[in-house]
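Trainee: Each chain, written out:
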Amino acid sequence: MTLEVSDLRVYYRTLRGDVRALDGPTFTVADGEIMGLAGESGSGKSTLSKSLIRLDGRMRYIGGSVTLDGDEMPIWDDRAMDEFRYKRVSIIPQYAMSAMNPTRKIGKMIAELLESRGVRFRDVRDELHRRLELVELERDVLDRYPLELSGGMKQRTVMVISTLLNPSLLIADEVTSALDVSTQRAVAETLVEFRDREFVKSMIVVTHDISLVYQIADTIMVMYGGRLAEKASAKTIIEMPKHPYTKMLLDSLPEVGVKYEDKRLSGIPGSPPGLLNPPQGCRFRDRCPLADKQCLEQPPFVEVESDHHVACWKAE
Amino acid sequence: MLKFDRVTKVYKVGAFGGGEFTAVRDASFEVRPGEVVSLIGESGSGKSTLGKMALRIASVSKGKITCDGIDVSTLRGHRALKDYYRKVQGVFQDPFSSYNPIFKADRVFSMIREEYYPEVSQSEWQDRVAEALKVVRLDPNQVLGKYPHQLSGGQLQRMLLARALLLDIDYLVADEVISMLDASTRIDVLNLLADLKARGMGILFVTHDLALGNYISDQTVILYKGEIVERGVTEKVFSDPRHPYTKKLFASVPQFHKKWEEVEAELRAKEAADTSTHPYHLEEGQEVPSELVQVSEGHYVQPFHRRAAV
Chain H
1 MTLEVSDLRV
11 YYRTLRGDVR
21 ALDGPTFTVA
31 DGEIMGLAGE
41 SGSGKSTLSK
51 SLIRLDGRMR
61 YIGGSVTLDG
71 DEMPIWDDRA
81 MDEFRYKRVS
91 IIPQYAMSAM
101 NPTRKIGKMI
111 AELLESRGVR
121 FRDVRDELHR
131 RLELVELERD
141 VLDRYPLELS
151 GGMKQRTVMV
161 ISTLLNPSLL
171 IADEVTSALD
181 VSTQRAVAET
191 LVEFRDREFV
201 KSMIVVTHDI
211 SLVYQIADTI
221 MVMYGGRLAE
231 KASAKTIIEM
241 PKHPYTKMLL
251 DSLPEVGVKY
261 EDKRLSGIPG
271 SPPGLLNPPQ
281 GCRFRDRCPL
291 ADKQCLEQPP
301 FVEVESDHHV
311 ACWKAE
Chain L
1 MLKFDRVTKV
11 YKVGAFGGGE
21 FTAVRDASFE
31 VRPGEVVSLI
41 GESGSGKSTL
51 GKMALRIASV
61 SKGKITCDGI
71 DVSTLRGHRA
81 LKDYYRKVQG
91 VFQDPFSSYN
101 PIFKADRVFS
111 MIREEYYPEV
121 SQSEWQDRVA
131 EALKVVRLDP
141 NQVLGKYPHQ
151 LSGGQLQRML
161 LARALLLDID
171 YLVADEVISM
181 LDASTRIDVL
191 NLLADLKARG
201 MGILFVTHDL
211 ALGNYISDQT
221 VILYKGEIVE
231 RGVTEKVFSD
241 PRHPYTKKLF
251 ASVPQFHKKW
261 EEVEAELRAK
271 EAADTSTHPY
281 HLEEGQEVPS
291 ELVQVSEGHY
301 VQPFHRRAAV
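Residue numbers (full-length UniProt numbering), protein chains in the order written: chain H, 1 to 316; chain L, 1 to 310.
The shape of chain H in the complex, shown without the other chains (with noise of 0.2 Å):
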């Protein structure tokens, strides 16, 4: 198992109190797995992966325990952290377009970047020109500026520089998002390419476009209010979902074919609960129909099927 999470819990510190924006996730990566994990704005899906790399100053860790390759990560020690980021678990940021030093050469960055890990950049130069020819890079934008650079080429370069080191664990933080669709395509292809290369062991893609990460991901997870709402292999969580989450999610996504005057799709009604004082029980309890009294009681995440994981008293 490349990551295990249990129990994680990381708050936000506000002046009206504690914002539960991570409450209590627990679940595992395998091996050269690529785990999709959507969500929408608020359901935790920045914060977990944010509190795999580095807790900002707004975040306050409160508990659980985060294990790599059997090593429990320190991630409430932003000292300590050192030595497992980059080198061990690594980050391509939602920003990649705007996450290089604009006033460095980008070969001198990426040198003063491993430097700072005790790494000898004479050590990885070939690989780096490899890697960068990999993704059809001229080797010459080590040269370059950012700014010389288009979004897409800065996208794969950043991408190079993210997993130079060969680290177990990749988290891609909406690396698409910004992206053109034939573009998004080629750097969504290229992380699956990373994997199978074993640049990366295990990777976490974090979108809020499900249909997108069905095309790369071997299993999805869906985050709601904070918490984990189900996790199955990808083909699971399209065609056969138990969460009534993921169901009225799914029905919500007009499909290339869908007409508005042959099938009309409707949104789920209502908004995500504030997680300032999160409503007892399950989080989705006001927006579901099939919602009861037991709903006031927390349903556990459990696995129901082989491999398919639901935290649902309802899913069958």
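In short, the hints are calculated from the structure, not lab data. Relax, there's no trap hidden among the hints.
Only pairs whose alpha carbons sit at most 25 Å apart, straight line, appear in this in silico DSS-like list of lysine-lysine: (1) K259(H) with K248(L); (2) K258(L) with K259(H); (3) K82(L) with K62(L); (4) K236(L) with K263(H); (5) K258(L) with K235(H); (6) K235(H) with K259(L); (7) K259(H) with K270(L); (8) K108(H) with K87(H); (9) K247(H) with K258(L); (10) K247(H) with K259(L); (11) K134(L) with K104(L); (12) K259(L) with K263(H); (13) K259(H) with K247(L); (14) K259(L) with K259(H); (15) K263(H) with K258(L); (16) K64(L) with K12(L).
Source: prediction; values computed, not measured.
Fit chain L to the given chain H structure using the hints.
Mentor: Frame of chain H, contents of chain L only:
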């Protein structure tokens, strides 16, 4: 009818405006009342520029845009423009930047009243606002008297549509109106546009998302680098794409139930099966003309070189 007739837009670029950049070239299509036309293209394809020209936010360099027979670039003076905006309005991508954050969000309604309906009494105006909010399925108690930051993106976007309803407009330019909204509320705004269409409104729906375009539109226009490469009845364009760019676009859209490879294999097989030469196939060395060629009734494509790669 909102008619685009060989519309071209050239931007001046460079330090002293010495360079030129053609954002849109010779685009012709029309939006009829009660019809949704989706304008699909990637960033830089000129799709937003076309919408902006119809709203007179950008000027037309060549060709003309007419609204019910009147050339929009000839409109001069406050009065003429005021009458024009009574008929044509736009809603844009980012609902948060469409509002002034220091004022309450419902100011967009009172501004309409001051400008267009000063004679309407307060109580009647309130009724009209309530009616418009009902059409866009908003609860007046939840949205009136609030600041933009207190409302969700979907609510703000719907309020802008309600504002358009108060003006009783004929045409709406909807530029990426739902791309910033969450998946579960997106479809509601889309359905709302379909309802407005049923009330006789003509909608120019600008998007980069093929699935959304297909869901509500009657006509589809595919733009590539400022030129229309294919247009026509939505069903025809979607079931039988001809231009290499349209095909590439279709093969790149992530779908459920079908993986990219399958979609691509299908398109390839279809292409291999079709060995006949069509009037829209160009000879080697022939230049691409600006006129589109008819594929079948109501389906047009820009001629292309058979083996051209996009």
